[in-house]
Each structure stands twice: as structure tokens, then as C-alpha cells.
Amino acid sequence: MRVDAYLIPAVDGVAYGLLLAIAAAGLTVAFGAGGVLNLAHGTLIAAGGYVAAATSSGTWPSLAAAVALAAGVGAAGGGVLAAATAALQGRGHLDQALLTFGVALVGADLLTAAYGSDTLRPRLPEVLEATVRIAGHRYPVDRLAVLGVAVAVVAAGYVVLHRTRAGRLIRATVDDRAMVAGIGVNPRLVDAAVLVAAGALAGLAGALTTPILGVGPHTADTALLLSLIIVVCGGLGSVPGALTAALAVGVVQTVGVTSFPALAPYLLIGAMAVVLLARRTSLPTGASA
Amino acid sequence: MSGSRHHISATVVRALARRAQPWSALGLAAAVVGAVAVSPDPYLHATAARMLPLAVLAVSVAVVTGHAGLPTLGQVAPYAAGAYATARLALAGTDLALLHLLAAAGAGAVTAGALGALLVRYRATVFLMLSLAVAELTAITAAQWRTVSGGTDGLAGIPAPRLLPGLPPLLADRTVLLYTAAVAIAATAAAITLLDGDRRTLLAAVRANEARASASGHQVTAYLWTAHTGAGALAGIGGALLIHTHRWITPADVGFTTAALALLAVVIGGATSLPGAAAATVAVLAVRDVVGASLPGHAPLLLGALFVTAVYLLPGGLTALSARLASLPIHRRRPTLHTPEGPARPVTRSIP
Chain A
445 MRVDAYLIPA VDGVAYGLLL AIAAAGLTVA FGAGGVLNLA HGTLIAAGGY
495 VAAATSSGTW PSLAAAVALA AGVGAAGGGV LAAATAALQG RGHLDQALLT
545 FGVALVGADL LTAAYGSDTL RPRLPEVLEA TVRIAGHRYP VDRLAVLGVA
595 VAVVAAGYVV LHRTRAGRLI RATVDDRAMV AGIGVNPRLV DAAVLVAAGA
645 LAGLAGALTT PILGVGPHTA DTALLLSLII VVCGGLGSVP GALTAALAVG
695 VVQTVGVTSF PALAPYLLIG AMAVVLLARR TSLPTGASA
Chain B
4 MSGSRHHISA TVVRALARRA QPWSALGLAA AVVGAVAVSP DPYLHATAAR
54 MLPLAVLAVS VAVVTGHAGL PTLGQVAPYA AGAYATARLA LAGTDLALLH
104 LLAAAGAGAV TAGALGALLV RYRATVFLML SLAVAELTAI TAAQWRTVSG
154 GTDGLAGIPA PRLLPGLPPL LADRTVLLYT AAVAIAATAA AITLLDGDRR
204 TLLAAVRANE ARASASGHQV TAYLWTAHTG AGALAGIGGA LLIHTHRWIT
254 PADVGFTTAA LALLAVVIGG ATSLPGAAAA TVAVLAVRDV VGASLPGHAP
304 LLLGALFVTA VYLLPGGLTA LSARLASLPI HRRRPTLHTP EGPARPVTRS
354 IP
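In order, the protein sequence lines correspond to chains A and B.
Under our numbering, the first residue of the first sequence carries the number 445, and numbering increases by one thereafter.
Under our numbering, the first residue of the second sequence carries the number 4, and numbering increases by one thereafter.
Please keep in mind that the hints were generated in silico from the structure rather than gathered at the bench.
Watch out, some of these pointers could steer you wrong.
Short, incomplete list of chain A residues facing chain B, as computed with Cβ under 8 Å [claimed, not checked]:
1) F545
2) P709
3) A717
All residues carry an ideal CB built from backbone N, CA and C; glycine is no exception.
Please take these sequences and the hints and turn them into a complete structure.
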């Protein structure tokens, strides 16, 4: 098989991986900073996707509005989760799992009731519906656009996390909550802000994924599972780890599935299990589960 | 002196009450099953019987999660092993229920033992995520291994079991309910018995302070592996009951949803309470399958509302509910010291 036969799946994999990185970054920081195991994260991603699909009507202003609305809906959902989980301080991750899984079930049911059980895709401006040639292969413009936006969002996220006071506070809360409290910042406010930001990222990821994958009743479960795999493989609370793991997952999902179709169903879960088994000390194990 | 004796007797009574709690819960479960069985409604019998396999799985999860302190979604693997072993035996013409149960318990124990050898070195979140991988791989394997599982179509038309050779197969809904309930209660009682005494204390010590337990010479990993493997046998029995009550199986029956329901039922029941886990499973399935029937297509909504409500109204789960009710002002009585002159008046203590 010629090398360039892998080119298109590889580009697809990188684009998909960057989208997954946006989705998983919020989940990993929420876990690392506030210790919140948020099983409703996939539902926020699906909500962003549905809002984007319903809002974008084929014009640039409607597309911009769709992306903004999706992020806003995700942020609002993150705010609700912040308020809901605040009452469970000190009760362990299993209680959080029970609460957020319940919220996820309620949210998924309401989304299906509102948008139906079909898979939806947004109408994009005509320019984005075309194809271009890359190394002799035709490639959809909307995927390239999503790839560009994903790179921009990841870069902006890096700058916010590493070059702003808010970002430093979040990273400090991941490392040492007591120290953050010692400098006069309430770590619970940081937790709430992180959950809101994580929700916004989830909504945004949902909007960006929709043109490629569509959004339907299974979107929430799939997005949650992939995000959890990325968070665990990348290390809980680590954004660079999540980015690396997301790119690996994206490539495994595309190149791996093309190259090893017989093993396709096992690739991701098997890879996660191998990473966890081989790297037992890199993840925090003292948290009460 | 008299007060001290009173205090000791109260402590003994409380300890006895604590030890009697699981047994009284099992007695209550038997009474409820009896009440359901005398009802003339076969649909009710069938519905109740179909809840019990998952209840046994939840008991198994409670052993691993509550007693061993390892939050798990992976007990669905030995559950699947037990179910497919039973299904294959039945389809091959072996229809004795006892043989099914033994084979399923063995398959479950072997599966959990093999997985436990890999998993019990890990703790908390890492264990939970590895067990998530186990749950996913179980469903994937069930869908892929067509020669055993029938693929995504599953296995159907599985013959009903017999209690003894020559007896008619267990087909009547009431009989199936009574049989399933007897096995579920016996399995839970066996788990309670095996977890009593020193074994319970050792697992509690490992949960509370693993480093100290290990430093005291205890084989922590061996204890956890034994609990994991024993719980696997229990899950395998749950799998056998799944086949005996449903008589078909698909990969969806042994997937993540089943694993999540069992784990969340354990949280609602109270992590270390085996009857609590079973009772919560029945409550969760009653909401999903019975109440949900009146709102077609919205069972997830009801289930989600139940989970959210349970988190806020039942901190510590169903097991903690009795303690919370006992602490209500209506039940609270001031302790009275008996003196030779009669009951002493309460005194206000001052801080020196």
C-alpha cells in the first residue's frame, strides 16, 4: 500500500483528535481541579451539537451564532452542574457519578424529545460544502475548516491556561488546593468556573463535531466514552496529556481502523487498558472513588 | 457500676442489632417475594423474576466496591461468563438448574480470578477506569465471538431448566419467580456469611488503611483478589439466573449499561450493604421497567430523576436511612443514669 494512502485517514485522525482534545480538556481539568467526575459531559457535547445543527441555516452569521449558542448552552449546563455538585462536597466520586449520570439521562431524554431521534447535521455555507485537492486526493473543505478552528481553540486554550492569571489559578488548584486557598482565592469558586468553562468547551466541541459526524441519540454516550479514555490515558488533570492522548485516539480511530479492520472494535479500549496497566503510578490513586 | 453495666448491655444490643440487620433484610425480601408470588398476576411474577439476576450482580458489585473498596464496572464480565456458560449448557441439552448454577459460578470465578490478577494491584479511579475497559471489552467480545454468543443477534430459544431429573421444566412464571428468589436470597446469604467475622474486619482494615494493614503482615493483594474472585462466582450465578428468567441473551445484556446500573444501585443501596444493593436494584428496575411503561420512551428520564433524587435524599444510601430515621427527634431519648436513689436528673456539664 502506498504511503499516501494513509494521508487522508491521518489528516482525518488529526482533525478528529483535536476535536476530541477540546471535548476532553474540560473534563480533565474539572476532574483535576475540583475532583468532579462528570458523567454528564457527553450530554453537554450532544446539546452543543443539537443547538448548532438547529441554528446554522447555511449563512455565515447563522454559523457564527450556532457556534456561540452551542458554547453558551454548554457553559450554562456547566453552571448547573457546578451548583448541583457543590452540595456533594466530601461525599466521594461515586455519589458524583450517580448525580451526573442521572443528569445525563435526564438531559439526553429531553434532547431526544426536543430534536427527535434522527441524526442531524447543520447546513453550512456553500464554500464549506466543497472539496479541495491535497496531494492528489480530494478532501472536504468543512473538515479542513474544523481542523483550523480546532487548532485555534487548542492554541487559545494553551495561552489562557499558561499565560493568564485565571489559567495559573486553575493549574495551581489542580496541584495544591490548600495553597490556592492560602493566597486568598476560594478553590470552590475556581471549581465552579472550571465547570462552566468545561461546559463551554463541551458545547463548542459538539458544534464543531456536528458537520463531520452529525448528532443523534448515541452522540452523548460515544463522546463521553472517548473523553474518558482520553482523560485517563492523558493523566487526570493534564491538558497536554489530554491533547497527546486525543491525537493518538483520533489517529487510532481512523488509521488503525483502516489498517486493522478485524481488530477495530478492540483498538481503543485495548489501548486504554494497556496504557493504564503499563503506567500505574502516573495517575492519582488516592482519591476516594 | 450500674451505669457501666447498662452501657455495656446497650453496646451489645447495638452490635447484635447491626449483625441482625442483613438477615432481617433478607427475611423482609423473602416476605416481599412471598407476597408477590401469591398475587394472581403472572406478568407481575415474570417482571419481578427478571429483576433478580441484576440484583445478584449488584450484590457481587457491592462485595468488590463496598467491602474490598474497589469501585467496579467490571463484574459484568463474570456475569457474562456465567450467562453464556449456562446458555451453552442448556442449548447442548444439559438442563439441570443446579449444574447450570455450578458451571456459571465456576466460569464467573475463573473469569474474575484472571481479571483480578491484573486489576487488584490498582486502586480508586484507575481501578474504576480499568473496570470500565473490562465492561466495554466484555460487550465487544460478546458481539464478536459468534460461535459462543451468536454475535449481535444473541442466543434465543434457550430451553428452560429443571430442578431435578424427571421434574417438568421451570416454565410457569410463579415457579420461576420462587426459584429465582430462592437462589438470589441463598447466594446473598452465603456472601453475607462468608464476609462475616475476621474476613469482614480484614477487608475493612485494608479499606481504611492499606499501608498499615500491609505493614502488619497482611497479604492485602491476596485478600482483595479472593474477594474479587468470590464476587465473580456470585456474578456468574447472576448470569445463570439471567438465562433462567429471560431464556435469551444479547451482548447488550452484558454491556456498560448493565454494569453502570449495578454500580449505581450499590451507591443507592449503601456501599457495604449486600441486601441494600439488591433492594436498590429492584427499585431502579421497577422505576425503569414498571413505572417507565406508563411513559413509553421516557424510562431514562425517570431513571435519571431517581438517581438525582437518591443522591440528595439518601446520603449513605438506603442502609443509612434507618440510622437517620432513628436519629430524628421523635425517636431520640435522653440517656438516663440509674442511681440507688432512682433515675438521676440530667446534668449540664461545664467545660473546665
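Here's how the hints hold up against the structure:
1. F545: holds (6 Å)
2. P709: It holds, given that the least Cβ distance between A:P709 and chain B is near 5 Å, below 8 Å.
3. A717: holds (4 Å)
In this structure, every one of the numbered hints holds.
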